[in-house]
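Build the complex from these two chains, which are given one at a time in their own frames, with help from the hints.
Top line first, the protein sequences correspond to chains A and B.
Note that my numbering numbers the first sequence so that position 294 is 1222, with each residue one more than the last.
Note that my numbering numbers the second sequence so that position 41 is 46, with each residue one more than the last.
Because the hints were derived from the structure by calculation, they are not lab data.
Hints are supplied without guarantee of correctness; some may be wrong.
Within a straight-line C-alpha distance of at most 20 Å, the following computed DMTMM-like cross-link-like pairs (lysine to aspartate or glutamate) qualify [as the list claims (entries may be wrong)]:
| id | chain 1 | residue 1 | chain 2 | residue 2 |
| --- | --- | --- | --- | --- |
| 1 | A | Lys1269 | B | Glu298 |
| 2 | A | Lys1200 | A | Glu1023 |
| 3 | A | Lys1269 | A | Asp1116 |
| 4 | A | Lys930 | B | Glu298 |
| 5 | B | Lys115 | B | Glu81 |
| 6 | A | Lys1269 | B | Glu301 |
| 7 | B | Lys19 | A | Glu1430 |
| 8 | A | Lys930 | B | Glu301 |
| 9 | B | Lys319 | B | Glu301 |
| 10 | B | Lys115 | A | Glu1369 |
| 11 | B | Lys115 | A | Glu1370 |
| 12 | B | Lys115 | A | Glu1430 |
From the derived model, a few chain B residues whose C-beta atoms are all more than 10 Å from chain A [claimed, not checked]:
| id | residue |
| --- | --- |
| 13 | Asp32 |
| 14 | Leu45 |
| 15 | Ala160 |
| 16 | Ala231 |
No residue lacks a Cβ here, since even glycine has one placed at the ideal position from N, Cα and C.
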Amino acid sequence: MKNLHVKLLALVLLIFASSLIFYKVSTLGLPLFPSDDIEVWSIEARLAFTAKKGPLKVQLILPTILPGYMMIDENYVSGKYGLAITTVENNRVVEWAVRRAQGEQVLYYYLQLACDDGEGAGSFSEQQKNKVEAPNLPQYPENTATAITALLEEVRQKSADVKTFTRELLLRFNSETPDENIQLLLRDVNTVNERVELIRLVLAGARIPSRTVNVLFLREGARHSKLIPWLQVHNEQEWLSFNPENSESKLPDNVLIWENAEQAIFNVDGGKNSSLDFAISRHTQEPIRLAEQRARKMDSRAMEFSLFSLPIQTQNVYRILLMVPLGALLIVLLRNVVGIKTFGTFMPILIALAFRETELVWGIFLFTLIVALGLAIRFYLEYLQLLLVPRLAAVLTIVIILMTVITVFSHKLGFEQGLSIALFPMVILAMTIERMSLIWEEHGPSEALQQGFGSLVVAALGFLLMSNDTMAHMIFVFPEMLLILLAVMLLLGRYTGYRLTELWRFRASLSKDDA
Amino acid sequence: MSFIEQLFPWRRMKSMGILGMNQRNGDYIAAYNKRALYPLVDDKIKTKHLAESAGVAVPRLYALVEIEKQISTLFEKLKPYDDFVVKPAHGSGGEGILVIIGRSQNGYRKNNGQIISEQELGHYISNILSGMYSLGGLPDTALVEQRVQFDPVFADVSYQGVPDIRTIVFRGIPIMAMIRLPTRQSDGKANLHQGAIGVGIDLRTGKTLSGVWHEQFIDQHPDTGASIIGLQIPNWQEILYLTVHCSDLVGLGYIGVDIVLDHEHGPLMLEMNARPGLSIQLANRCGLLTRLEKIEAIKDIPDGVAERVSLAKKFEYK
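With the rest of the complex left out, here is chain B (with noise of 0.2 Å):
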């Protein structure tokens, strides 16, 4: 490191590439995500829908919630069902997601193994439905669906919880990949500021690299102590085609793809979202820019997806 850098450590940032989110939010979300498209991904019904006319995989859904009348109903609806997952239409962040295991005599069983009353289950639903997890307070839906059941080649390196794969594609092009392990910290969610390891993944092959967790570099997961680094996510191809189709489904210039891979279903989409994190670049060790720019440059991006996803492994990323 030289002087200089130290002196001005921006500088050095800016030569390896990171990505701050001023120039995120000014550079590429302003300027590649249309306004008017941002529905498509912020209610979480329309993804569904807009997916499965598709013909993409996503969970499957139970109920929706849209009035606090539908509350008392909705307990007739999940009774064919022992596990799901609730969350908010327009939650953001995975906040107000709240993950149900199992049954048990006195209600729904959470899946950090607390027990929760039915009553205690209608309260958080009134509660999404008044906003409490939307931006602005807006009043909101509450959506009922499938819980997934995670491949068992994650089983060492995640607790309490679904890990899922974030891709960021810019253009239609994967550009940087990274798993995201659910932890004791983050109550079961794949949410690195919620306490989740992110682990970056070689697009070129679908091994892990390495792993942040809380902005710190680590190689082991905190909980079950098995090494990270090295793991090879099944399907990879078939994950990053899938990514590729989704954001080509909403049309966003830059767009974070979430895909959980069930060991029944194979390769689910989960949710997008057009203001993905900038933390994958400390999971990947990488910064950003550099590949943003160098897609940036290409005049013609190829329409088919399998040309795409090609181009995004050709990329020589460091």
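With the rest of the complex left out, here is chain A (with noise of 0.2 Å):
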């Protein structure tokens, strides 16, 4: 029946951790395991313009999505302007406006985005799953209808699906030596954009649905980028992209596209003269802190909560106590299943905690050398009979003067780890000395010494344990780990199996042959 309920309530504890768990790692995206830096970009979209006298209304297209980043932060630099996120047509825009206004006017965006190659390019193909309808044949003017449709026949003759076709013709384009029909056509046109106007409207003859895309290049050090216009074309599974200007059927490393827009990516309604470029920098993160700033940025209630939220010297305090459950739960299978005989039921834990100040050898190498010298003088107060309370304290006293004494010298001979030895647990350490003598002296140096040595050996199992990066990760991210840790405990609650030691202590029964 208890068996039953412990059950249960470790079961509950399990489901509600991992599930946290699960959801913090898929839908917020924290690392489970700590992992390298993560390069992060810093965008500042600069818009300049000079103001009329008169209201002003600025409008620019924000990012939405992002193949293979993952935004963390944006923030906006607005002034005395008013400011509102719209969505417009499927595109977040951000709009500024102000009653009056004069002279240059600058209005900044700032983005960071993470390099993550995971679910940012999931949930892009998402959004390519929707239908694209194929274009209406266009009219084309009489003085290059013929123009068109003979390149559309040369092309298609060479061609045998979307991408190959779209290819086909870009290098038409871009060839170095056009033929009259592509010149005639090229015969009007100036800008970047104009180009992959006319190269839609070639393509919409062959119904090829296709759209333009205004694409930065993420480049380190960029001062004064600008956007640039790529073309997609849809081949009924996805959009293809190409640059318009060299005929590149892939998007590079290190782009990002703006916007999927037909109209202009900004609009500065009571203003001249606007213009807007992009400064980029790169410098790499800490993923934990990205994780948690997106986490932030998404409103997650699992986040307010989170320890991230906490200054940064009680987190560095947390981190470390959140260790000491795993260290308990290693006392726990040591001594309940195991079978090891300690010095105190936590002793060995808060030794392992000063172990970490220390480093394992030294931390063993003072911890043995100011239980000796305790011991000894505590040996020599046994004999002057001294009262209980009154002698622990000279005890404590004692193993205060050894550990200032051990760091005085050590410094000295130019130890600097025997500094570290002030974070040892002093009183920890004087009861220890205490019960040592006691079982010295009722059951013998042997039985001293074996729970002396079991209490360091756990203790250096724990520090082991309770340093492992991996492990401090993962508590202090997903601090319901404790839930999961605390449920095995539980049952280990009730584990009524034998301890490895016990098959030790009734050899003399399993070595007897009544079989």
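Laid out in structure tokens, this is it:
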């Protein structure tokens, strides 16, 4: 009955914690394992214009779909402008407005992106699943109709599908020595935009769906980058991207598709001489900070109560604190399943925490040194027949004196590790010395040394476990792991099987041949 | 021994019905011993009062020392007695027990022959008071009580101490018993982990079966060389009755009752233990679990002491 109760409780804890972890990993994108720093692009869009006297309204289309990237942060520098984010035809649009403005005006939009090979691309392809209607046959003007028909016929001959068709077409448009038809068509084309429009018009003649996208090349240190129009055609499965100026058919790395819009990327109502350019820089960041920033951006309740919301100093305290249950679980395993004897239940954990500062080998050395010296002095105190509490106080004082002396000496000798001894839990050390001397007197030195050695082994194991980076990362990012630990502890609390050392204890019965 | 059992020794232990520490704590102590009743056995003064009021024979209490001040008047009180035992009220596992077997010019003679001065005895008691032997270092009380003069039957098989009979009683039915014999190593104490010998007792006849010393089977006392097998415990029936009676007094379901045989006063109840050890299984070369499960299966445990004792004997224990 009780077993069932405990198992159910453990199951509930496990399910709750696992689903929370799953949610944090899959939806918020928190990394389960510690990973290397990742690249972050900072993009600054600078919109400058001269205001005519009077009300001003500025619209800028913001990037929505970022294949291969993950938006961590964005913000706006608006000055005295009113700011509104709206959605227009599936595009996010930021609107700045002001009643009165004069002279040069500059508005900024900042965007931080992290490279993300996983889900960003996934959500992009999902967007592309929407069926794309083939365009209607356009009515070409008479003077170009023949040229276009001839061009289409020629390209159709040399191509197999939408992709090769588009490439053949682009090759002709970008040829060093364009033929007459192309020359005729390009006669009035001056800008890249017009060129893309022309190509799309020709493609419509073959009923190939196409669109223009404005892309931004992410180059470290770029100061005045502009958006570059690229051509995309749909092959009934996905949008294929083409560089209209060199017929390149794949988006290079570090390219950001800003928008898939027909309309102008920005629009200044009540201003003139407007220009938009981009400054780009790159740096690296810890993935966990990124994920945390992004999760906060998503307004997730789960992150509101995250440990990351604490001040850094408190965070560091909790980084250590949250590892203690892991050590406690180790103690449970070693004591109840293995059956190792230690001084005090959780004393080894506290020693292990102290090892964090001293490093393992020095920690063991210093611990052994203090306990050995302390024991020697404690045996002398026994001879003086002191009362218990004053004697404990005396041992405590002696432990602190020993620690001070060791620190000073090791400093003089140039062993900086000796300085970290100050973090040893001296009360625990004093109690250890006291208990060890009692066991020494009552059960003999072998028992005392055995338990002392056992404690030290457990402390060393505890240190190795608690200083494990993967564990530290997991527990700090997912504090609900503690519920899993709790569930395991509850289950072990009802473990009624043998301890490993009992196999040794009852070995006489085992070897007895009465089968 | 089959191959599988060699590979998985715990399977063999299970099939032998050996009770492990985890199972003892989880399935028996936690389930059958109410925590509120623990003080009745953990505090030796309470146990003594409880037993005395129920008419159970216990070693006579000479003095209680509760505060430091009483130590100075204690020696006056102890004048009439040549020998006595000092123990902490909350000691466990036989820790903190000091046996004085006589006086000498300079003070008191301990059971191992050493002389201890009055001042040293005072210091010893003050250590007890400050909680050196009690759980969690809580302040404690010291008892000074009558030293048991053990039955000469055991003279050959004990070394400088009093053997006691530990019986484990489950739901009021004795299930396993052993006699614990002090050795030179145990310093006259009758606790197995201090080096005493445990010798299993046949519940039906009260005859000793086989011995265990430091987890090894033995047939002879290591100090005296006398055989420890086949000894008849005197007044066995009486001891069993007393054991059952004592377990009824405290109402704990899984308990160890320690009885000593005084050559003058007969069986005396020394103390009881709510967490009796597991070595009794080695002493009897038999697991507790089989017997525990048999008794767990009984629905109605009879009220009468005699009925339960006969029930204990009736069970075909291997």
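Status of the hints after comparison with the structure:
Restraint check: the Cα-Cα separation between Lys1269(A) and Glu298(B) comes to about 29 Å, which exceeds 20 Å; the hinted pair is violated. A hinted pair counts as satisfied when its Cα atoms are at most 20 Å apart, and Lys1200(A) with Glu1023(A) qualifies at roughly 17 Å. Pair hint Lys1269(A) plus Asp1116(A) does not hold up; C-alpha atoms about 91 Å apart against a cutoff of 20 Å. For a cut-off of 20 Å, the pair hint linking Lys930(A) to Glu298(B) stands: about 18 Å separates their Cα positions.
At roughly 19 Å between alpha-carbon atoms, Lys115(B) and Glu81(B) fall within 20 Å of each other, so this suggested pair holds. Taking the CA atoms of Lys1269(A) and Glu301(B), the gap is about 31 Å. The hint is violated against a cut of 20 Å. Proposed proximity of Lys19(B) and Glu1430(A) is supported: the alpha carbons are some 12 Å apart, at most 20 Å. With a C-alpha separation of about 16 Å, the suggested pairing of Lys930(A) with Glu301(B) holds against the 20 Å cut-off.
Note on Lys319(B) and Glu301(B): the hinted pairing holds, with a Cα-Cα distance of about 16 Å set against a maximum of 20 Å. Between Lys115(B) and Glu1369(A) the CA atoms are separated by roughly 16 Å; this keeps the pair inside 20 Å, and the hint holds. Proximity of Lys115(B) to Glu1370(A) is assessed by CA-CA distance (about 15 Å); at most 20 Å being required, the pair is judged to hold. Distance hint between Lys115(B) and Glu1430(A) is unfulfilled; the C-alpha atoms sit about 35 Å from each other, more than 20 Å.
With a minimum CB-CB distance of about 5 Å to chain A, Asp32(B) fails to clear the 10 Å threshold, and the non-interface call is violated. Even its closest Cβ contact with chain A, about 24 Å, leaves Leu45(B) beyond 10 Å, as expected for a residue assigned away from the interface. For Ala160(B), the shortest C-beta to C-beta distance to chain A comes to about 27 Å, beyond the 10 Å cut-off, and the non-interface label holds. Interface exclusion of Ala231(B) from chain A stands, the closest Cβ pair being 21 Å apart, more than 10 Å.
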